[in-house]
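Using the sequences provided together with the hints, build the complete structure.
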Amino acid sequence: MVTISQSPLATPASRHIQLTELSIGTRARVVSVASADAAAPVELGRRLAELGFLPGEAVRIVARGLMTRAPIAVRIGTGTFALRLFEAACIRVCPEQPQPC
Amino acid sequence: MEALSSAPSPLIALVGNPNCGKTALFNILTGSRQKVANYAGVTVERKEGSLLTPSGLRVRILDLPGAYSLDPLTPDEQVTADVLLGRRSGETQPDFVVCVTDATNLRQNLRLVLSLKRLGLPMVVALNMTDIARRKGIVIDAERLAAELGVPVVETIGVKTAGVRALIKVLEGLALPARARRPAVWLPLSSADIEHDQSEVRRILGLVGGDRLDGVTVSDRVDGVVLHPVFGPLILAVILFLVFQAVFAWAQVPMDAIKLGVAAVGNWLGAALPSSLLKGLLIDGVLAGVGSVLVFLPQIIILFFFILMLEDSGYLPRAAFLLDRVMGSVGLSGRAFIPLLSSFACAIPGIMATRTIQNARDRLATIMIAPLMTCSARLPVYALIIGAFIPRRTLWGGLELQGVVLFGLYIVGVASAMAVAFVLKRTGRGSGFQALMLELPAYHWPNLRNLGIGLWQRVEIFMSRVGTIILALMVILWALSSFPAPPPGATGPPIQYSIAGHLGAWLAVLFAPIGFNWQISIALVPGLAAREVAVGALGTVYALSATGDDVSGALTPLIAHSWSLPTALSLLAWYVFAPQCLSTLATVKRETNSWRYPIIMAAYLFGMAYVGSWITYRVAMALLS
Chain V
1 MVTISQSPLA
11 TPASRHIQLT
21 ELSIGTRARV
31 VSVASADAAA
41 PVELGRRLAE
51 LGFLPGEAVR
61 IVARGLMTRA
71 PIAVRIGTGT
81 FALRLFEAAC
91 IRVCPEQPQP
101 C
Chain Z
102 MEALSSAPSP
112 LIALVGNPNC
122 GKTALFNILT
132 GSRQKVANYA
142 GVTVERKEGS
152 LLTPSGLRVR
162 ILDLPGAYSL
172 DPLTPDEQVT
182 ADVLLGRRSG
192 ETQPDFVVCV
202 TDATNLRQNL
212 RLVLSLKRLG
222 LPMVVALNMT
232 DIARRKGIVI
242 DAERLAAELG
252 VPVVETIGVK
262 TAGVRALIKV
272 LEGLALPARA
282 RRPAVWLPLS
292 SADIEHDQSE
302 VRRILGLVGG
312 DRLDGVTVSD
322 RVDGVVLHPV
332 FGPLILAVIL
342 FLVFQAVFAW
352 AQVPMDAIKL
362 GVAAVGNWLG
372 AALPSSLLKG
382 LLIDGVLAGV
392 GSVLVFLPQI
402 IILFFFILML
412 EDSGYLPRAA
422 FLLDRVMGSV
432 GLSGRAFIPL
442 LSSFACAIPG
452 IMATRTIQNA
462 RDRLATIMIA
472 PLMTCSARLP
482 VYALIIGAFI
492 PRRTLWGGLE
502 LQGVVLFGLY
512 IVGVASAMAV
522 AFVLKRTGRG
532 SGFQALMLEL
542 PAYHWPNLRN
552 LGIGLWQRVE
562 IFMSRVGTII
572 LALMVILWAL
582 SSFPAPPPGA
592 TGPPIQYSIA
602 GHLGAWLAVL
612 FAPIGFNWQI
622 SIALVPGLAA
632 REVAVGALGT
642 VYALSATGDD
652 VSGALTPLIA
662 HSWSLPTALS
672 LLAWYVFAPQ
682 CLSTLATVKR
692 ETNSWRYPII
702 MAAYLFGMAY
712 VGSWITYRVA
722 MALLS
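Just so you know, the sequences run in chain order V and Z. Just so you know, the numbering used here puts 45 at position 45 of the first sequence, and the rest follows in order with no gaps. In the numbering used here, each number is its position in the second sequence, counted from 1, plus 101.
No lab work stands behind these hints: they were computed from the structure. This list has only true hints and no planted wrong ones.
Partner residues are not named here, just some residues of chain Z that face chain V (Cβ under 8 Å, in silico):
#1 Ser170
#2 Gln209
#3 Ser292
#4 Gln299
#5 Ala421
#6 Phe422
#7 Gly429
#8 Phe534
#9 Leu537
#10 Glu540
#11 Leu541
Note that this is a predicted model, so its numbers are computed, not measured. Heads up, the beta-carbon is just placed ideally off N, CA and C, and yes, glycines get one too.
Here it is as structure tokens:
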């Protein structure tokens with residue numbers, strides 16, 4: 001399993017949520033990326049990191065699907081990616097509201 | 102110049118993240134016309150071209166598939182990594198790397214630059230799409246960037262030549278002489294390495310500018326509507342519907358013109374030539390066959406006009422987003438969408454495009470269903486039968502019935518593909534974690550020059566098929582249908598006594614249960630080489646069966662007259678499924694490196710075609726009796 005270490009940004013862990021729980025348009029920062037499901041392919045977390053899902057990067061949900069609110073379109077840095085839920089579930093974030101991370 | 106002939110030309114590789122404009126740059130550098138579009142994964146194999154610099158230096162240029170890193174996950178990225186690391190057999194390591202970066206997305210692109218620096222090959226960075234960056238208010242200090250990276254940086258605009266000239270100048274200065282190779286040692290990056298690189302990227306961006314994260318972009322606002330859970334699917338449905346309506350509505354005038362032209366040539370030949378074997382070959386063989394295929398060129402151009410517009414605007418990955426739930430529910434990878442959509446043009450590039458799918462089993466499932474997407478070669482067959490049997494009638498809301506039926510045929514193809522994918526999933530193929538991770542690029546207006554080139558290429562491909570394979574098969578079919586000559590005192594049309602006539606009679610036994618007559622049965626055989634050939638073959642066979650002076654171009658009324666509606670519907674059903682294309686099977690063999698899958702594919706598609714046609718024929722007979 002690929003685990004990317006906690007970022008130096010010191011925020012209380014209680015404020016950290018899964019990217020899937022973030023509401024549309026809310027700005028957040030990536031805290032960590034790790035395969036959430038042990039059965040998931042090991043390269044998953046690594047590929048997310050290669051796409052730019054790295055601790056400290058700005059992230060925001062642009063759009064979600066209808067029924068199961070999947071897939072989700074995510075802005076990371078200056079790029080946008082469509083992710084399925086199991087992919088987004090690997091990413092933990094810290095919302096910038098009510099106060100910045 | 103003598104030195105050039107002795108030393109091999111330096112090899113320069115274009116490398117970069119997906120969709121950063123490598124191929125556009127390659128086309129300008131080498132004068133090529135490789136396909137470019139606004140989505141990740143257009144280029145899935147290495148392409149080589151060459152460039153003669155103003156000072157007379159010949160350099161070879163390699164265009165490589167886009168990669169997010171040098172540690173590949175997909176077959177297309179593997180190509181890039183293998184070439185760069187000198188691991189690809191029969192290929193030397195590039196002397197020099199041009200790392201193409203998207204100036205609007207350096208935060209992501211610069212990590213690959215840092216990886217390439219680690220690799221140690223001589224490198225120059227092309228800061229591409231600087232025009233779009235400037236419009237977005239992104240200003241990058243290229244000199245400072247070069248100083249920080251320790252490599253030359255050239256600003257380029259992939260579709261304009263000015264920046265490319267500057268790039269060539271830098272290449273000239275650096276690529277001579279061809280460098281002594283040293284083996285690159287590459288250790289896969291750890292997560293800590295990636296994080297380290299990202300902090301370096303942040304530091305550099307802080308110094309050179311060009312890191313604007315703030316604000317909602319135009320693309321975001323468009324996405325707010327296009328990806329909206331309710332409006333998004335509606336817009337997609339309207340777009341698709343428009344395409345199929347246009348294929349019929351817009352094509353009528355040019356199709357009539359082509360028909361008139363073919364008929365005029367036929368009349369002229371008929372009057373000018375003395376009655377002879379040659380006259381028969383030209384009129385019944387060539388003109389009847391080729392003319393009946395040629396008529397469908399306008400419809401194919403219209404279809405590709407829409408496909409190219411969608412590809413170039415950046416809408417395709419959005420469509421993948423909107424339909425991802427459907428794909429996922431039948432166990433397909435989200436990344437299967439674009440290969441499947443490409444298959445609407447032709448299954449061959451579609452199957453090649455599955456190289457962007459990570460998991461081998463997911464990739465195989467996508468390959469197996471790609472031929473069920475209705476490729477453009479099927480359009481002439483569908484259009485012929487629809488034109489003959491479906492009345493031109495306007496339904497409510499101004500919809501054309503013919504366009505609706507065509508849309509329905511495409512939907513049947515897609516629905517059966519989904520059903521097959523579902524069966525494959527149930528039988529344990531597929532990984533359970535099918536990736537999506539699809540980049541949604543910024544929208545841009547389709548480039549008219551690209552559109553023009555793309556359409557012209559389609560015309561060239563179509564015309565060259567008509568002029569080579571279709572023409573040749575028509576001549577062969579004409580010969581098989583004309584010899585041996587009928588015995589004295591024969592009453593039927595001469596074709597009945599020919600080789601093709603006997604073959605058709607024999608095949609007709611096999612196809613009678615699904616309603617095909619001997620003329621259709623004959624036409625299916627050359628149709629194996631290319632689907633649209635079947636239309637030409639019908640043209641030739643009917644021209645030879647006709648007793649009177651029927652001239653080519655009149656195939657539509659002929660079949661409307663001589664086929665029953667159940668037969669026509671059955672043939673449509675046959676063409677939805679039948680693997681009537683040997684090149685597709687050959688591509689599957691190459692991509693899977695085994696005979697197993699093309700054989701399975703041919704068997705299951707023929708099976709579905711026969712069963713589908715049988716049911717269609719029987720149901721139609723029962724309903725109409």
